[in-house]
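Novice: This is what each chain is made of:
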Amino acid sequence: MIETVSLTKRFQSVTAVDGLNLTVTPGEIFGLLGPNGSGKTTTLKLLTGLLRPSSGCALIGGIDIQKDPLNVKRMIGYVPDQPYVYPLLTGQEYLRLIGDLYHSPIETQRRRIPELLSLFDLQDRAHELVETYSHGMRQKLVLAGVLLHEPKVILMDEPMVGLDPKSIRLLKSVLGRLAQDGVTLLLSTHILEFAEKLCHRIGILQNGRLTYIGTPDDLQKKACLQGSLEDVFLKLTAESGDVAPSL
Amino acid sequence: MSYSSVFKSLGFGLITALFLLLLNGGFVRLLAEVRQVQLIGDLLIMKLVSLAFLSTFLMLVFSATLTTLTTLFLSKDLSIFMHAPLSFRSVFMFKSLQTVVFSSWMVILTLSPFLAAYRQIYRLGASFVLFLTLTMVPFVLIACGIGIALGLLLMRWMPTRRARDILIFLATLIGCGLYVLIRLMEPEKLIKADNFEILMQYINLLEAPTAPYLPSWWLTSAVTAFLSGRTAEMISTGALLAVVAIALGALLLWAAERFYYAGWTASQEGQRRDKKTPLGNEWAFIPPLPPPIKALLGKDSLLFFRDTNQWAQLMIVLALMAFYLISVSKIPMDTPYLKNLISFLNIGMISFVLSAIGLRFVFPAISLEGRSWWVLRSAPIETGRIVLIKFLTGAVPLALCGLLMAGASSFLLRVDRFFLLLNVSTVAVMSLTLAALGTGLGALFPRFHVENINQIETSPGGMLYMVFSLFYIGLTLSLEALIVRPYYFRLIQSPQSVPLTLPGSFWGLFLVFNGILVAISLFFGQRHLGRMDA
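So the sequences go chain by chain: U and W.
Heads up: take any position in the first sequence, counting from 1, add 1, and you land on my numbering.
Heads up: take any position in the second sequence, counting from 1, add 7, and you land on my numbering.
Hints may be right or wrong, so weigh each one.
Stated by the list, open to error - To give a feel for the contact side, a few chain U residues facing chain W, derived at Cβ under 10 Å: (1) 49; (2) 58; (3) 60; (4) 76; (5) 81; (6) 98; (7) 105.
By construction, these hints were calculated from the structure, which means they are not laboratory data.
No experiment lies behind these values; they were computed from the predicted model shown.
Glycine is no exception: its CB is placed at the ideal position from the N, C-alpha and C atoms.
Using the sequences provided together with the hints, build the complete structure.
Specialist: Below is the structure:
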């Protein structure tokens with residue numbers, strides 16, 4: 002469902018994503034890990050069309066996002082790392098905007114919006130302006146907006162940031178259900194426990210390149226380690242020299 | 008810095024310099040003509056200088072009051088400064104300096120061609136430039152200081168956002184009202200000496216100080232003292248400006264230490280709303296349109312009317328329009344020549360007002376998506392459609408403002424049917440083109456990550472928009488002069504044969520010309536916006 006072919010993005014002298022070849026199948030939850038500045042956010046933005054690749058291509062459902070962006074964008078939902086939404090709209094107005102932009106019928110919106118607001122515990126604040134929301138509430142609002150139009154592919158950049166433990170558990174449950182329904186999920190995260198328990202496969206990005214890819218078990222074997230994903234991740238990234246020496 | 012950004016900066020600088028040179032040329036011509044008036048030429052120039060300084064002073068106070076609310080209280084970087092180990096005094100001083108720069112640079116830039124013309128007319132040397140700089144600095148600081156003080160007091164007395172919104176609106180209303188009131192004081196009597204029975208009455212009016220207790224008159228006195236070589240007066244008025252500026256600065260620092268932090272923390276409160284819109288009725292006020300378009304228009308409308316900054320700017324626009332119409336009604340039109348000239352130039356003045364409105368509302372429209380731009384950019388909607396919606400959102404109100412001013416001014420000027428048709432039709436078309444220019448340039452030079460809206464308007468793109476607008480207005484007037492001139496001569500020679508309609512060939516060419524400009528502006532704007540990284 003998601004495929005990148007030698008995907009590269011350069012910002013002047015910096016290569017943020019370097020010849021990325023990645024495939025994610027329908028119903029799979031793929032976790033993208035990596036140190037800060039490794040290219041995770043850039044990769045996600047390339048897949049949403051927010052950035053233009055310097056070379057290579059990104060395909061969603063077999064369609065190149067640069068050649069047919071509208072059809073691709075109809076299929077995807079994106080959760081950015083910073084949930085900036087219009088501060089002077091209410092939560093309900095934001096969801097209505099998303100619903101109309103994605104051509105969701107009004108009857109569907111009338112049913113789904115209250116459900117989603119209730120699911121994310123935002124129903125009491127639906128008529129308040131977004132500028133009064135906390136970071137976590139805005140994150141949940143953006144998640145609700147993504148789920149509203151029922152995309153086939155969901156791309157999430159650090160979706161757990163700002164969420165309380167109850168909301169993180171809820172998110173895990175929601176993502177698990179979506180994957181079972183055939184939705185393709187690609188998410189970046191620094192919470193390795195979350196990735197270990199939820200993701201079917203994990204990829205580790207370093208300096209814009211995918212250095213390791215596989216199931217959590219595969220990565221353990223590669224690292225010759227029986228520990229947690231955190232131990233595996235630190236060992237694998239240390240071998241590449243990206244972990245700072247201990248003080 | 009890349010070569011392209013250096014090249015762009017040079018380009019902007021050249022265009023701005025050319026524009027200022029043209030303005031300077033116009034002022035030199037005007038002042039040279041005025042100086043030739045027997046007996047009172049120099050007095051007239053002094054009066055013009057005092058009016059220019061008075062207008063500048065009021066604009067600076069007004070601008071600084073509004074800018075204070077954004078830079079000192081709403082700027083996004085304040086959350087970093089306030090939590091850093093910096094004294095509030097330091098933060099206040101830095102932000103006040105920013106306020107002075109943002110609120111004054113455009114005003115000073117537009118005043119400089121006039122002052123340069125004054126220097127040229129009287130053949131003043133480099134010492135005049137130095138003296139003017141030394142006296143203008145405290146003058147600007149006093150005006151901006153008063154504006155900062157007003158903003159500080161507003162936030163101190165009514166710190167919650169909702170009450171602040173109302174007060175901003177009221178303060179703006181009062182400010183605009185005062186400005187219009189001063190305009191009603193009819194300084195145009197200066198050019199109509201017939202109102203005065205004895206010449207000496209007129210001379211006394213010219214010699215009388217314009218608002219003697221305001222720093223604008225002190226600056227005028229300093230400049231005229233320099234011209235006359237009255238050293239003692241130069242030094243005393245210069246010193247007065249400096250002392251008042253220093254005293255005001257000290258007073259502001261004292262007030263800031265008591266009020267600033269409390270005002271800032273209280274301004275962080277968000278707005279609360281009591282209204283609950285039924286689900287599905289959010290864009291009910293927008294006419295039936297495809298859902299994405301209706302939603303975008305509804306979203307932009309709601310954001311506009313909920314943003315206090317926009318209300319304040321709207322008040323400025325209404326005051327500007329009222330000021331223009333009152334001025335038009337006071338213009339003496341003794342002769343058909345003057346009447347027709349004014350009727351023709353009316354198009355240029357209205358278009359200038361519209362371009363100023365376009366700079367404040369249309370040009371920043373795309374940039375105001377801000378950090379929420381990813382919402383539209385990742386949604387299945389073409390960039391071209393977004394740009395088109397922004398254009399329509401700006402063009403319709405701009406055209407309504409233009410038609411209102413064209414209709415009202417034509418009525419006040421009592422123009423004939425030819426000029427009525429010319430005014431209304433030209434302004435209607437020009438307002439669409441100005442809106443397209445603003446939208447297109449706003450898309451070519453978006454600034455999504457700014458700390459406050461002033462940075463959008465005062466950006467290189469904003470300056471380019473003003474320069475292009477003025478060139479376009481000048482070009483349009485030049486083209487229309489081709490049909491106005493023969494009309495005027497025919498009016499004098501054989502009034503019976505004067506046509507009352509506009510030539511079809513002219514109108515067709517005019518529409519095609521503007522259509523091309525609209526298409527080019529929107530095309531390049533949407534193309535750039537679609538290609539740039541979000």
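Novice: Work down the list of hints and note, for each, if the structure agrees.
Specialist: Verification of the supplied hints:
no.	hint	verdict
1	49	holds (5 Å)
2	58	violated (16 Å)
3	60	violated (17 Å)
4	76	holds (9 Å)
5	81	holds (6 Å)
6	98	holds (5 Å)
7	105	holds (9 Å)
In terms of the numbered hints stated before, the structure departs from hints 2, 3, listed from lowest to highest.
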